[in-house]
Amino acid sequence: MNTAHPTLPAHSPSASDARLGWWLGLVGVTVFALTLPATRLATGTAEAPALSPWFVTWARAALAGLLSLAYLAAVQAPRPTAAQCRPLGLSLLGNVIGYPLLLGWALRHVSASHAAVITALLPLATAAAAAWLLHQRARLGFWLFAALGSGLVVAYSLIRAWQAGGFDLAWADLLLVGAVLAASVGYVGGTQVTPSLGAERVISWVCVMALPLTLPGALLTWPEQPVPITAWLALLYVAVFSMWAGFFAWFRGLALGGALRVSQLQLLQPFLSMAAAVPLLGESVDGLTLVFGLAVVATVLAGRRAQRQTA
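In the working numbering, each residue's number is its place in the sequence shown (first place is 1) plus 8.
If you are wondering where the hints come from, they were derived from the structure by calculation, not from laboratory data. Everything numeric in this text was worked out from a predicted model, so none of it was measured. No residue lacks a Cβ here, since even glycine has one placed at the ideal position from N, Cα and C. Honestly, I wouldn't trust all of these hints.
Claimed, not checked - Ranges of calculated distance between the beta carbons of each label pair, as one might list FRET restraints: (1) Ser158 <-> Arg87: 34 to 42 angstroms; (2) Gly97 <-> Pro231: 27 to 35 angstroms; (3) Thr238 <-> Pro86: 23 to 31 angstroms.
Could you put together the complete structure from these sequences and hints?
This is how it looks when you write it as structure tokens:
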């Protein structure tokens, strides 16, 4: 392998690596599942806003960046090479800016349970991004199930908009789809350099590289009005865990077990998000949300089985 531009191995991981990758992936998925209700707690709703989505985006990454600076200094990590900066940049754009910003604005207008259904496409998008960026191929059945899952998401969005009295909320679902695409590209970008840098250094360098944007952004968008303590605590969670510590397990799990394989653990994420939204936000999961959530997960699972990883 060319260490100047590392990529994931094309062959299947060993049994022990695959097992460890799955467990680490499960830890990452559990951490990320709480991101939806925590972000909604931080931003509030359109009727009762708390922290600005812009501030949440900048502040969570800025805090993670300051923690990353301390960590990298403590381990005396060497700077990434020029070749490693490109995938790190993809992770920065997707995971530091794109996903949290689009998610924050969307959660001002839809519930965490609603968002969990749309973001159920994340494992499929991650697998597709891995096939594109890592030059792997998938069978036709994989893409057919991808289209079916996308159609279910569109149907759910239209039904919810109709129940709300019109289609004025459809744009929030487009924001969620954009968040899914941003996160998937960011995941794969970070995974590309995890074998050479290590998961902890990957996300730490990503957050440090973003500091020239995130630190001034957080200061410029600092809230002027009083904000509930619950919003600050939710921001602390998404900064320390969703933006930083969770990626320690997630990037290493993707690298050890294979991005196409471990990404299927995200099938659990919408259900974990819905379950967490009940005690944290007082939301209820209705039958329509549960049915569409199960249907989308089923298409992703079927697509995972239909795809075939090739060198």
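Query raised in the report: Are there hints from earlier that the structure breaks, and if so, what are their numbers?
Result: 3
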